[in-house]
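Here the protein sequences line up with chains A and S, keeping their order.
Position one of the first sequence corresponds to residue 12 (my numbering), numbered consecutively onward.
Position one of the second sequence corresponds to residue 23 (my numbering), numbered consecutively onward.
Keep in mind the hints are simulated off the structure, nothing from the lab.
Built from N, CA and C at the ideal position, the CB exists for glycine as well.
It cannot be assumed that every hint is accurate.
To be verified - Calculated lysine to aspartate or glutamate pairs in the DMTMM-like style (CA-CA distance at most 20 Å, straight line):
no., chain 1, residue 1, chain 2, residue 2
1, A, K295, A, E350
2, S, K159, S, D220
3, A, K295, A, E362
4, A, K154, S, D220
5, A, K154, A, E142
6, A, K365, A, E350
7, A, K361, A, D425
8, A, K154, S, D197
9, S, K217, A, E142
Unchecked claim - The following residues of chain S were derived to be distant from chain A, with all beta-carbon distances above 12 Å:
no., residue
10, S25
11, L28
12, L52
13, G54
14, W55
15, F62
16, L77
17, L80
18, V81
19, P98
20, Y112
21, L120
As the list claims (entries may be wrong) - Residues of chain A placed beyond 12 Å of chain S at every Cβ, according to the derived structure:
no., residue
22, I20
23, F30
24, L42
25, L53
26, P223
27, H257
28, G319
29, D325
30, A371
31, L418
32, L427
33, K429
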Amino acid sequence: MATLILDMIGPFGVLLLAFGSYRYDPRRISLSIAFWVGINFLFYAIRFMVHPGYGMTFAWLLPLIELMVTGSAFVSIRWLREHPSQSVVRYYFWWALFYAALVVIATTQNLVLAWLAIEFSTLVSSALLIELGNRRALEAAFKYMVIASVGMSVALLGIVLLYASLQSQHLGWQTFTYANLAIHHQAIAPIVRDIVMIMMLCGIGTKAGLVPFHTWLPDAHSVAPSPISGLLSGCLLGLCLLVIDHFLRAISMPSTLFLSGQHLLLLFGVLSVLIGSFALFVQKDVKRMLAYSSIEQVGIMAIGFGIGTPLAIDAALLQFVFHAIIKASLFYLAGYFSERYHSTHLFQWKEITKKFPRLAILWAILLLALAGLPPLGLAYSEWMLILSLWDQQQTIVLLALCLGLVLSFSALSDHLIKSLWKTPRNQTVDLS
Amino acid sequence: MDSLALLMLISSFLMVVVRNVRYVLLFLSLQGWLLWGLLFQSASNATEVLVIGLLTLLVKAFLLPLILYRVSQKWPSSALRIRALPIWGYLLGFVLLLSISHIMPPLQAAGILHQQVWFFYGLGSLFLAYLQIMSRKHVLSLISAFIAIENALVLVAASIAGQLPLMMEIGMLLDLILSTILLAWLSHLILRRFKTVDFTAMRFLRR
Numbered sequence: 012m013a014t015l016i017l018d019m020i021g022p023f024g025v026l027l028l029a030f031g032s033y034r035y036d037p038r039r040i041s042l043s044i045a046f047w048v049g050i051n052f053l054f055y056a057i058r059f060m061v062h063p064g065y066g067m068t069f070a071w072l073l074p075l076i077e078l079m080v081t082g083s084a085f086v087s088i089r090w091l092r093e094h095p096s097q098s099v100v101r102y103y104f105w106w107a108l109f110y111a112a113l114v115v116i117a118t119t120q121n122l123v124l125a126w127l128a129i130e131f132s133t134l135v136s137s138a139l140l141i142e143l144g145n146r147r148a149l150e151a152a153f154k155y156m157v158i159a160s161v162g163m164s165v166a167l168l169g170i171v172l173l174y175a176s177l178q179s180q181h182l183g184w185q186t187f188t189y190a191n192l193a194i195h196h197q198a199i200a201p202i203v204r205d206i207v208m209i210m211m212l213c214g215i216g217t218k219a220g221l222v223p224f225h226t227w228l229p230d231a232h233s234v235a236p237s238p239i240s241g242l243l244s245g246c247l248l249g250l251c252l253l254v255i256d257h258f259l260r261a262i263s264m265p266s267t268l269f270l271s272g273q274h275l276l277l278l279f280g281v282l283s284v285l286i287g288s289f290a291l292f293v294q295k296d297v298k299r300m301l302a303y304s305s306i307e308q309v310g311i312m313a314i315g316f317g318i319g320t321p322l323a324i325d326a327a328l329l330q331f332v333f334h335a336i337i338k339a340s341l342f343y344l345a346g347y348f349s350e351r352y353h354s355t356h357l358f359q360w361k362e363i364t365k366k367f368p369r370l371a372i373l374w375a376i377l378l379l380a381l382a383g384l385p386p387l388g389l390a391y392s393e394w395m396l397i398l399s400l401w402d403q404q405q406t407i408v409l410l411a412l413c414l415g416l417v418l419s420f421s422a423l424s425d426h427l428i429k430s431l432w433k434t435p436r437n438q439t440v441d442l443s
Numbered sequence: 023m024d025s026l027a028l029l030m031l032i033s034s035f036l037m038v039v040v041r042n043v044r045y046v047l048l049f050l051s052l053q054g055w056l057l058w059g060l061l062f063q064s065a066s067n068a069t070e071v072l073v074i075g076l077l078t079l080l081v082k083a084f085l086l087p088l089i090l091y092r093v094s095q096k097w098p099s100s101a102l103r104i105r106a107l108p109i110w111g112y113l114l115g116f117v118l119l120l121s122i123s124h125i126m127p128p129l130q131a132a133g134i135l136h137q138q139v140w141f142f143y144g145l146g147s148l149f150l151a152y153l154q155i156m157s158r159k160h161v162l163s164l165i166s167a168f169i170a171i172e173n174a175l176v177l178v179a180a181s182i183a184g185q186l187p188l189m190m191e192i193g194m195l196l197d198l199i200l201s202t203i204l205l206a207w208l209s210h211l212i213l214r215r216f217k218t219v220d221f222t223a224m225r226f227l228r229r
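When you get a sec, could you build the whole thing from the sequences and use the hints?
This is how it looks when you write it as structure tokens:
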């Protein structure tokens, strides 16, 4: 708990600085917040380099989150300048709470605390949507809050059943630590364990954006401010999946039901990959396209966790890291271009290679990285996953994954070519 | 005390079928009172019961219904009306209640059902709250259903675990308060921007 409180210094500092904008120039406050978060990132990065295994299962997770949040803080400066009607204090208030929720989800070893933090992240990120106040944002926020909260209520029912099974330990809050669950999970009746696993998977899977619980995701991620979309897509989805994985690994045993735990994760993973990659083809709104790509990427991670071998889990974790960095950067860039062209419509971005040559190159590299072009990061983790599927002789899943990867590569390449070189209809091509 | 749990189920049913938002809020407040009574019955630790009981009463019987009532006060009377529940809603509700009898035996065999009657009423209330989410399109009715889900979960928890850890109960209550405040703010903005409280209509009006 002491470590958790220390980790909260970052968000707390942001809150304090945010309230300073009542007295000082909001632009300076934004800059101070970005530097404050950057210092936090440096601290965690150095601590990770000095003590790589410090205090948690995945010690790299916190520096990664801090890196993502730092990126979001710097992008927020520009975003707030472009949206002068947005109250700076309120924006950073919700932003800091969202940051805090991400840190708790990444660091906690307690299932209930993770549940609370995920639910809290839904609320504060919805508040950022509500702050926008336009019709699309309000509709997306309502859908997001209702669907995600209903999903989380299913997970809560699972937690209650879990507590009922382990209540005889009289450990109270500590019943839900992953270490305790791993030691005592045999005390849970198999049928209860299977039901709890299904509930947790469907419940937290809703927040992770797994198909068929994904319907809120494209709306919410595409409407949210770009600095928040990056965090939602890049960090939060993967973190929710990590919570599912922690839980499944803690209580996993040979299952009595066919569709439970890892099986279900594989099924949802395959569905997410296929639906996500098919949907990529028809998207014209760039942020929606990135949101559907997130569904596909979460599906790939779910397949990795579902297989459960060390190679597959490493592949899923690598996928999470690469996806977080690439997707967040793409959302930030998409936000920038959208502001410049006053449109999120991909085909309205005319002549970006001429107007923003350097950013266009970056956009192309990131989009190709997301498509899985070797030797960029995601190609490596996807190759590892294919290898582990081959080892486990999961032929159907392997074929589905390969189909999904080919489809998403084609769709993203097509969108990239159109966004970079498509000639506007009202202009003629100068061939001289 | 089984009658209190039965009243929970009845109030959940009435929340689904009534056609005015004000009545929905009335039944929501009633659920807060019922839960307060049930918590005292089920729990063993006196101090924790006192804390949770008082918080439940304050939040679920007064604060949350009051917040939603304040929102509804600013609305015209036409915005308070709810459409009739379709026939499939009644049928689905009936099937969901019947399904509980199939869910209970394996849990009973696993030895985690302390209060079978409460569990039946609790799970019934939960299913009816989910039905309300599925069948209702009125924004405030959906928000009430969301709170009713939480209320039903407390009853289910009381029937199988007696009492949840204090930190968990407080966390759930805080979550509920924050979500209700945000949803109330959201519903207020929705009526202002869309001139409708029908969630499905928003999809067509959003652009």
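Hey, S/K159 versus S/D220, does the alpha-carbon distance stay inside 20 Å? OK: S/K159 and S/D220 at ~5 Å, within 20 Å.
Per the stated criterion, does the least C-beta distance between A/L53 and chain S lie above 12 Å, as a non-interface residue requires? holds, 32 Å
The output says A/L42 does not contact chain S. Does that hold with a beta carbon cutoff of 12 Å? holds, 29 Å
Just want to verify: A/I20 was marked as not at the interface with chain S; is every Cβ pair farther apart than 12 Å? holds, 21 Å
Per the stated criterion, does the least C-beta distance between A/L418 and chain S lie above 12 Å, as a non-interface residue requires? The claim stands: A/L418 keeps its Cβ more than 12 Å from every Cβ of chain S (closest is about 27 Å).
For A/L427, is the shortest beta carbon distance to chain S beyond 12 Å? holds, 27 Å
Just want to verify: S/L77 was marked as not at the interface with chain A; is every Cβ pair farther apart than 12 Å? Given that every Cβ of chain A is farther than 12 Å from that of S/L77, nearest at about 16 Å, it holds.
Does A/E142 lie within 20 Å of S/K217 when you go C-alpha to C-alpha? Given pair S/K217, A/E142 holds - Cα atoms ~19 Å apart, limit 20 Å.
Once the closest CB in chain A is found, is it more than 12 Å from S/L28? holds, 21 Å
Is the nearest CB of chain S more than 12 Å from the CB of A/H257? holds, 18 Å
Test the statement that S/P98 is away from the interface with chain A: the closest C-beta pair must be farther apart than 12 Å. With a cut-off of 12 Å, S/P98 remains clear of chain A, as the shortest Cβ separation is near 19 Å.
For a C-alpha distance cap of 20 Å, please report whether A/K365 and A/E350 respect it. Roughly 17 Å between the alpha carbons, so the hint for A/K365 and A/E350 holds.
In terms of the numbered hints stated before, the structure departs from none.
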